[in-house]
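> Below, each chain spelled out in residue letters.
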Amino acid sequence: MTVARGPLVLLVVSLAAVTGAAQSPSRATVEGMWSDPPVTIVATFCASWCTDAGIERLNALLDNPANDSRPLAQLRAEAAAYQLDTYVKGRMTPAVLASFPIDPADDPGLLRCEPWGLARQIFAPHQIQIRRLANDRVELHYGEWDAHRTVYMDGRARPAGQAPTRLGHSVGRWDGDTLVVETTGIAENQMIWRARHSDQLRVSERFTRSDDGTMLHLTATLTDPWSLREPLVIKRTWRWAPTSTIEAYDQCKPPIAVKRGVAP
Amino acid sequence: MTVARTAVVLGLVLLPCAGAASAHHAFSPVYDSKRTETISGVVSEFRFVNPHAMLLVEVKDDTGRKVIWTVEFAGRLNLSEIGWTKDSLKYGERITVTGNPTHVVSHQMAFVKIVKADGTVLEPAAAQRADILEEERRERARQRTESK
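Protein chains in written order, with the numbering used here: chain G, 1 to 264; chain L, 1 to 148.
To be clear, the hints were calculated from the coordinates, so they are not data collected in a lab. Each residue gets a CB set at the ideal place from its N, CA and C atoms; glycine is no exception. One should not assume that every hint holds.
[As the list claims (entries may be wrong)] Pairs of lysine-lysine residues, derived as DSS-like cross-links and limited to a Cα-Cα distance of at most 25 Å, are as follows:
1. K259(G) to K113(L)
2. K34(L) to K259(G)
3. K66(L) to K113(L)
4. K113(L) to K34(L)
5. K113(L) to K253(G)
6. K148(L) to K253(G)
7. K86(L) to K116(L)
8. K113(L) to K148(L)
9. K90(L) to K116(L)
10. K86(L) to K253(G)
11. K148(L) to K116(L)
12. K116(L) to K66(L)
13. K113(L) to K60(L)
14. K253(G) to K34(L)
15. K90(L) to K66(L)
[Said to hold, decoys possible] Which bits of chain L does chain G cover? Going by a derived footprint, with three or more residues having C-beta under 8 Å, they are:
16. 67-77
17. 82-92
18. 97-105
19. 126-135
All chains, full assembly: derive it from the sequences and hints.
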């Protein structure tokens with residue numbers, strides 16, 4: 001372990017010892033169960049996805065005395081709209097802008113209980129459990145949709161001729177205490193902000209633990225020559241939640257009727 | 001009459017605002033967040049499941065006929081995080097539920113608030129967190145003022 005991170009790290013190491021996982025202490029820094037972030041303004045802003053531009057905007061709004069009488073929800077919504085309009089939308093190509101934003105009534109997750117693709121799943125709310133399954137792979141298990149991703153740590157290439165899949169092919173490596181995951185082979189689908197992407201999407205994820213050990217931070221860089229003029233850097237946060245459990249996700253039922261054209 | 005309709009624009013809705021954690025899909029195509037309805041009845045079933053917990057409430061309409069209302073919640077984890085369990089609502093329990101009605105379907109709503117017979121109020125996680133976040137904001141404003 002390169003940095004002492006207090007009792008929480010010790011807890012993770014102890015958990016690994018109980019489960020028999022022979023992992024190096026440095027790798028234990030991000031392994032374990034994480035859930036919704038602590039209840040602070042910025043952390044909850046980044047509970048699903050956020051950007052540096054959005055965080056800066058939110059802080060600027062909060063630091064302006066003229067906004068003290070405005071509802072907090074209004075300031076959060078304004079910062080969220082700012083990051084979507086100026087940062088995310090500003091990097092979209094004309095091809096994707098033509099269908100942006102996708103009507104939420106057309107969401108396959110709603111209409112057909114179809115699990116999310118990678119560019120939504122990695123920003124899904126609630127838990128992520130990171131654990132090493134074997135020497136050559138790490139599993140990312142999400143509470144939303146009970147989704148499982150396998151990250152191959154031996155750098156194996158995506159099988160030749162394999163068609164793109166919903167969650168793609170992920171390879172990983174450790175950069176010190178940071179888990180780095182590179183994913184390709186992702187089937188066409190939607191981003192979390194209701195924009196389409198192509199099967200040329202590549203996602204690079206960096207998972208790091210906060211210095212005090214209580215939070216997990218993700219920085220994801222998305223590139224897609226069809227939908228993005230330049231890479232998008234998106235962030236999110238989880239809270240250390242060793243007692244949280246991921247429950248069955250098997251009672252999804254499509255709605256009887258939906259109304260189109262109603263913004264979320 | 002046990003069903004009261006209130007046409008108000010809610011400041012507090014089931015779905016968190018943009019940028020915050022959301023359910024596995026937007027509720028807006030199904031539920032009308034600009035309207036609320038309130039029903040009173042007895043619990044006939046509470047399903048504490050993912051992706052959305054479901055509550056069935058037996059309500060008597062104007063003619064005395066029994067009608068089953070369905071109340072949809074956020075996911076099980078959302079509720080667990082604020083202390084709910086599968087026993088939070090018990091069979092036969094009398095409750096009053098306020099929710100957002102659907103755009104189209106009758107006798108179905110998205111949970112906004114439940115009041116039990118003993119006066120206990122159950123609200124979504126977002127409502128409970130709002131007080132904590134507002135306190136952080138007030139403290140931030142106080143520190144800003146004091147630093148001047």
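> Could you run down the list of hints and mark each one as holding or not?
Now the hints, each set against the structure:
Our distance criterion of 25 Å between C-alpha atoms is met by K259(G) and K113(L), whose separation comes to about 24 Å. Between K34(L) and K259(G) the CA atoms are separated by roughly 14 Å; this keeps the pair inside 25 Å, and the hint holds. Between K66(L) and K113(L) the alpha-carbon distance is near 22 Å, which keeps this suggested pair within the 25 Å criterion. Simply put, K113(L) and K34(L) have alpha-carbon atoms about 15 Å apart, close enough for the 25 Å limit, and the pair holds.
With a C-alpha separation of about 23 Å, the suggested pairing of K113(L) with K253(G) holds against the 25 Å cut-off. Using a Cα cut-off of 25 Å, the hinted pair K148(L) and K253(G) is violated, with the two alpha carbons roughly 55 Å apart. With a C-alpha separation of about 16 Å, the suggested pair K86(L) and K116(L) falls inside the 25 Å cut-off, and the hint holds. The straight-line distance between the Cα atoms of K113(L) and K148(L) is roughly 41 Å, outside the 25 Å bound, and the hint therefore fails.
A C-alpha spacing of about 11 Å is found between K90(L) and K116(L), which places the hinted pair at or below 25 Å, so the restraint holds. For the proposed pair K86(L) and K253(G), the alpha carbon gap of about 19 Å is at most 25 Å, so the pair holds. Simply put, K148(L) and K116(L) have alpha-carbon atoms about 48 Å apart, too far for the 25 Å limit, and the pair is violated. For the suggested pair K116(L) and K66(L), the alpha carbons sit about 20 Å apart, so the restraint of at most 25 Å is met.
Between the alpha carbons of K113(L) and K60(L) the distance comes to roughly 19 Å, so the proposed pair stays at or under 25 Å and holds. For the suggested pair K253(G) and K34(L), the alpha carbons sit about 24 Å apart, so the restraint of at most 25 Å is met. This hinted pair checks out: K90(L) and K66(L) have alpha carbons roughly 19 Å apart, not beyond 25 Å. Beta-carbon proximity to chain G at under 8 Å applies to 3 residues in the stretch 67-77 of chain L; the threshold of 3 is reached and the given coverage holds.
With 0 residues having a beta carbon nearer than 8 Å to a beta carbon of chain G, the stretch 82-92 of chain L misses the requirement of three or more and the stated coverage is violated. Check result for the stretch 97-105 of chain L against chain G: holds, 4 residues qualifying (beta carbon to beta carbon below 8 Å, three or more required). Only when three residues or more bring their CB closer than 8 Å to a CB of chain G does the claim for the stretch 126-135 of chain L stand; here the count is 5, and the claim holds.
Checked against the numbered hints given earlier, the structure breaks hints 6, 8, 11, 17 and satisfies all the rest.
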